[in-house]
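Q: Residue-level listing of the chains:
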Amino acid sequence: METLLNIRNISKQFGKNTVVDQVSFDVHKGEILGVLGPNGAGKTTVIRSIMDIIRPDSGEIRFNFQDNNNFLSQIGYLPEERGLYRDSRVTDILLYLAQLKEYPRDRARKRVLEYLAKFDLENAGKMKIKELSRGMAQKVQFIGAILHEPAILILDEPFSGLDPVSQDVFSEEIRNLARNGVAVLFSSHQMNLVENLCDRIFMIHKGKKVLYDTLLRIKQDFGSFKCEIMSEENIRDKFINFKETEKIEQEGLRTTIYLKKGVEPGQFIQKLPDNISIEEVTIKRDSLHDIFVRTVTEN
Amino acid sequence: MKTVQNNTIRNGIKVALWEIRKLVWNKAFIISLLLTPVIWGLFMGLPRLFEKIGEPAAAPTTYIYIVDEIGIYESLSQKVSDIDNLFLRKHSGPIDDLRNRIEGDENAGYVHITEEIFETRLISVMTGTGDTHIPLAFNTRLKETLTRYELAMHNVEAGDIEKIVAGYFVSVSPVIEESVDPMDRVRKWVPPIFAMIIFFMVFMSGMTTMQSAISDKRDKMIEILLSSVSASSLMYGKIIGNFFAGLIQLAVYLIYALMFIHFLGIPGLGHIPVHQLLSYIISPELPLLLFFALAGYLLFSSIYAGLGATMEDVMNAGNFQGIIMLLPALSALFISPVIGNPEGIIAQIGSYIPFTASIVMILRITLIDLALIEIVIPVVILLASTMFMAKLAGKIFRTGMLMYGKEADPKEMWKWLRQ
Chain H
1 METLLNIRNI SKQFGKNTVV DQVSFDVHKG EILGVLGPNG AGKTTVIRSI MDIIRPDSGE
61 IRFNFQDNNN FLSQIGYLPE ERGLYRDSRV TDILLYLAQL KEYPRDRARK RVLEYLAKFD
121 LENAGKMKIK ELSRGMAQKV QFIGAILHEP AILILDEPFS GLDPVSQDVF SEEIRNLARN
181 GVAVLFSSHQ MNLVENLCDR IFMIHKGKKV LYDTLLRIKQ DFGSFKCEIM SEENIRDKFI
241 NFKETEKIEQ EGLRTTIYLK KGVEPGQFIQ KLPDNISIEE VTIKRDSLHD IFVRTVTEN
Chain L
1 MKTVQNNTIR NGIKVALWEI RKLVWNKAFI ISLLLTPVIW GLFMGLPRLF EKIGEPAAAP
61 TTYIYIVDEI GIYESLSQKV SDIDNLFLRK HSGPIDDLRN RIEGDENAGY VHITEEIFET
121 RLISVMTGTG DTHIPLAFNT RLKETLTRYE LAMHNVEAGD IEKIVAGYFV SVSPVIEESV
181 DPMDRVRKWV PPIFAMIIFF MVFMSGMTTM QSAISDKRDK MIEILLSSVS ASSLMYGKII
241 GNFFAGLIQL AVYLIYALMF IHFLGIPGLG HIPVHQLLSY IISPELPLLL FFALAGYLLF
301 SSIYAGLGAT MEDVMNAGNF QGIIMLLPAL SALFISPVIG NPEGIIAQIG SYIPFTASIV
361 MILRITLIDL ALIEIVIPVV ILLASTMFMA KLAGKIFRTG MLMYGKEADP KEMWKWLRQ
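First to last, the sequence lines map onto chains H and L.
Quick note: the first sequence, position 24, residue 24 per our numbering, numbers continuous.
Quick note: the second sequence, position 369, residue 369 per our numbering, numbers continuous.
Read the hints as simulated data drawn from the structure, not as lab findings.
Among the hints, a few may not be true.
[Unchecked claim] Below, simulated EDC-like cross-link-like pairs (lysine to aspartate or glutamate); rule was C-alpha separation at most 20 Å, straight line: (1) L:Lys14 to H:Asp286; (2) H:Lys209 to H:Asp290; (3) L:Lys391 to H:Asp221; (4) L:Lys395 to H:Asp92; (5) H:Lys247 to H:Glu264; (6) L:Lys27 to H:Asp237; (7) L:Lys220 to H:Asp87; (8) L:Lys220 to H:Glu264; (9) L:Lys27 to H:Glu131; (10) L:Lys143 to L:Asp219; (11) H:Lys128 to L:Asp219; (12) L:Lys415 to H:Asp290; (13) L:Lys220 to H:Asp52; (14) H:Lys130 to L:Asp82; (15) H:Lys128 to H:Glu149; (16) L:Lys27 to H:Asp87; (17) H:Lys130 to L:Glu312; (18) L:Lys220 to H:Asp57; (19) L:Lys395 to H:Asp52; (20) H:Lys261 to H:Asp286; (21) L:Lys220 to H:Glu81; (22) L:Lys220 to H:Glu80; (23) H:Lys247 to H:Asp168; (24) H:Lys118 to H:Glu102; (25) L:Lys14 to H:Glu298; (26) H:Lys238 to H:Glu228; (27) H:Lys16 to L:Asp82; (28) L:Lys220 to H:Glu157; (29) L:Lys14 to H:Glu228; (30) L:Lys14 to H:Asp106; (31) H:Lys130 to L:Asp219; (32) L:Lys14 to H:Glu131; (33) H:Lys126 to L:Asp160.
[As the list claims (entries may be wrong)] Pulled from the structure, derived: some chain H residues nowhere near chain L, Cβ distances all over 12 Å: (34) Gly40; (35) Gly76; (36) Phe119; (37) Lys209.
The beta-carbon is built from N, C-alpha and C at its ideal position, and this holds for glycine as well.
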């Protein structure tokens with residue numbers, strides 16, 4: 001697997017506060033790497049270090065491009081704190097962003113039209129940013145990040161404020177880009193989206209790496225199974241003495257039984273009591289959300 | 001290293017072109033560009049217009065009857081013939097009839113001229129009412145005519161009479177003879193005025209640079225931009241872009257001014273051909289004057305760019321930022337003392353303070369011939385300060401631009417400078 005970006009032991013301090021501490025990870029061509037962490041974990045500092053917006057105090061960030069001299073032109077970036085010049089026209093600003101990335105103007109112009117059509121913004125080309133809705137402006141920002149055909153795309157909370165339809169459009173485009181060989185580094189707090197999109201996960205907490213593997217492996221290693229039962233009865237007490245049970249949560253008709261690590265789902269199903277009425281039962285691994293919360297809490 | 005520098009320059013140019021485009025295609029900029037000179041012209045013309053409107057109504061026609069007992073009526077009549085709305089009439093009847101005739105008439109008066117006048121030295125002009133208007137010029141001409149008559153009575157020759165009546169003219173001149181050509185003054189002052197206008201325009205461009213940095217923060221463009229260009233490229237791009245936008249503005253204003261001078265002339269000097277005015281601008285001192293104007297611009301625009309990165313809004317600028325913003329105004333304190341004594345201690349001190357050196361040196365170079373060392377030292381100080389300030393501003397710009405939703409205080413800025 002071709003690695004486009006190596007990050008080795010980067011650290012960054014602001015005053016006496018260490019915000020990134022000896023962090024290392026790689027980004028491969030064609031993969032979607034989820035960068036997770038609670039607020040203040042150091043995600044943005046890592047991303048800004050990659051973008052050369054801030055310099056780490058130590059460590060190494062290495063790009064494996066054919067021409068590393070102008071590496072920024074091969075990265076697309078959609079920051080969390082983002083906006084566009086309110087008084088500028090959509091096409092003008094997109095062409096300007098492409099120009100800053102050294103992308104040929106005629107090709108940029110062609111791709112602007114293609115992407116505006118793709119995101120239902122055909123008539124927005126001559127509109128000023130301030131005339132667009134928030135969702136439309138966010139689409140324009142996204143186009144600005146991918147217009148120059150980057151080898152690496154860094155997306156920091158790309159879905160915030162988007163309606164579900166637009167979220168699907170963005171998700172599909174991100175998958176397409178990855179399929180075409182773009183390495184996507186994707187930071188978000190929306191765990192369901194990360195789970196749906198990402199191949200691998202890098203999780204940072206208090207500046208340190210706490211998880212780094214494929215999504216499947218992380219779920220295998222860190223997530224046990226949970227059984228959700230929909231029942232009109234109060235079935236909680238029936239499972240309290242189960243040795244396979246880690247904890248039980250009840251919310252309305254839904255009872256969620258978290259199984260201990262190593263407990264096989266089949267083994268648990270066989271032990272379900274006969275004398276309870278079950279409307280619906282599902283067994284699945286802990287979600288990324290559960291793993292995230294547990295990891296953060298334990299750390 | 002060389003590639004990094006090339007990228008910085010190339011990206012800086014891209015940012016500069018965008019800044020020019022953003023500003024020049026802005027509707028408000030175009031309107032202000034075209035309308036400001038018109039408004040200036042209007043404001044310059046309005047007082048004159050008001051003067052005209054406010055001018056008193058034309059003076060009423062006044063008839064002055066001359067009771068001439070010494071025979072000066074003819075010569076007096078000739079002397080006053082050019083005074084508007086004044087007519088002389090010779091009266092030869094009894095005085096009482098005349099008095100009765102003009103009494104109550106606010107357009108009439110009379111003078112009784114007798115030999116006695118030369119003894120009493122008093123001429124009485126009697127008027128119909130207290131409001132009767134007697135032009136001052138009439139009084140002067142009457143005195144002149146009587147003086148001539150008196151001198152002739154003493155057998156003074158006609159040529160001498162003219163000399164005596166003409167009186168004396170007191171002139172004050174320097175020991176070294178100077179050219180009296182008023183165009184010399186124009187020639188002397190055009191280059192510094194041009195340089196000062198450039199300095200003023202670039203100062204305004206500095207403010208625009210600050211606004212541009214603030215708008216990048218406000219519109220949350222900064223991280224997107226910094227993901228493509230370095231903070232240095234962005235800052236210098238803004239400085240250069242806004243400078244050229246300022247020059248475009250200056251060029252338009254200059255065209256307006258030249259057209260004004262070409263067609264209407266300069267008050268007191270009349271018509272001056274444009275090519276002549278341009279030849280005055282291109283003087284031997286111009287490169288030096290331009291250097292001080294441009295170096296001053298770079299100094300202030302660096303400060304302003306850095307300052308813009310520390311605030312969300314000019315209106316909410318802190319005290320510290322407010323004080324820094326007023327630094328260029330320091331020059332104004334030096335203008336009068338420097339013009340008064342361009343070689344004095346104030347002028348010399350002003351030449352060595354980077355924030356005032358531009359204006360002070362532009363004035364001094366224009367007013368006196370400076371020794372080479374007196375030019376070289378301010379040049380070196382200004383250059384070094386500009387480079388130093390650009391470096392400091394770059395550090396503040398880089399960190400300040402990434403700080404959202406908060407104004408930076410001096411303590412924080414000091415911390416950034418030490419990083």
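Q: Each hint: holds or not?
A: Against the structure, the hints come out as follows:
no., hint, verdict
1, L:Lys14 to H:Asp286, "violated (50 Å)"
2, H:Lys209 to H:Asp290, "holds (18 Å)"
3, L:Lys391 to H:Asp221, "violated (51 Å)"
4, L:Lys395 to H:Asp92, "violated (30 Å)"
5, H:Lys247 to H:Glu264, "holds (16 Å)"
6, L:Lys27 to H:Asp237, "violated (73 Å)"
7, L:Lys220 to H:Asp87, "holds (13 Å)"
8, L:Lys220 to H:Glu264, "violated (50 Å)"
9, L:Lys27 to H:Glu131, "holds (16 Å)"
10, L:Lys143 to L:Asp219, "violated (79 Å)"
11, H:Lys128 to L:Asp219, "holds (13 Å)"
12, L:Lys415 to H:Asp290, "violated (41 Å)"
13, L:Lys220 to H:Asp52, "holds (18 Å)"
14, H:Lys130 to L:Asp82, "violated (70 Å)"
15, H:Lys128 to H:Glu149, "violated (24 Å)"
16, L:Lys27 to H:Asp87, "holds (10 Å)"
17, H:Lys130 to L:Glu312, "holds (19 Å)"
18, L:Lys220 to H:Asp57, "violated (26 Å)"
19, L:Lys395 to H:Asp52, "holds (15 Å)"
20, H:Lys261 to H:Asp286, "holds (11 Å)"
21, L:Lys220 to H:Glu81, "holds (6 Å)"
22, L:Lys220 to H:Glu80, "holds (10 Å)"
23, H:Lys247 to H:Asp168, "violated (34 Å)"
24, H:Lys118 to H:Glu102, "violated (23 Å)"
25, L:Lys14 to H:Glu298, "violated (49 Å)"
26, H:Lys238 to H:Glu228, "holds (14 Å)"
27, H:Lys16 to L:Asp82, "violated (92 Å)"
28, L:Lys220 to H:Glu157, "holds (15 Å)"
29, L:Lys14 to H:Glu228, "violated (58 Å)"
30, L:Lys14 to H:Asp106, "holds (17 Å)"
31, H:Lys130 to L:Asp219, "holds (10 Å)"
32, L:Lys14 to H:Glu131, "violated (26 Å)"
33, H:Lys126 to L:Asp160, "violated (87 Å)"
34, Gly40, "holds (15 Å)"
35, Gly76, "violated (8 Å)"
36, Phe119, "holds (18 Å)"
37, Lys209, "holds (24 Å)"
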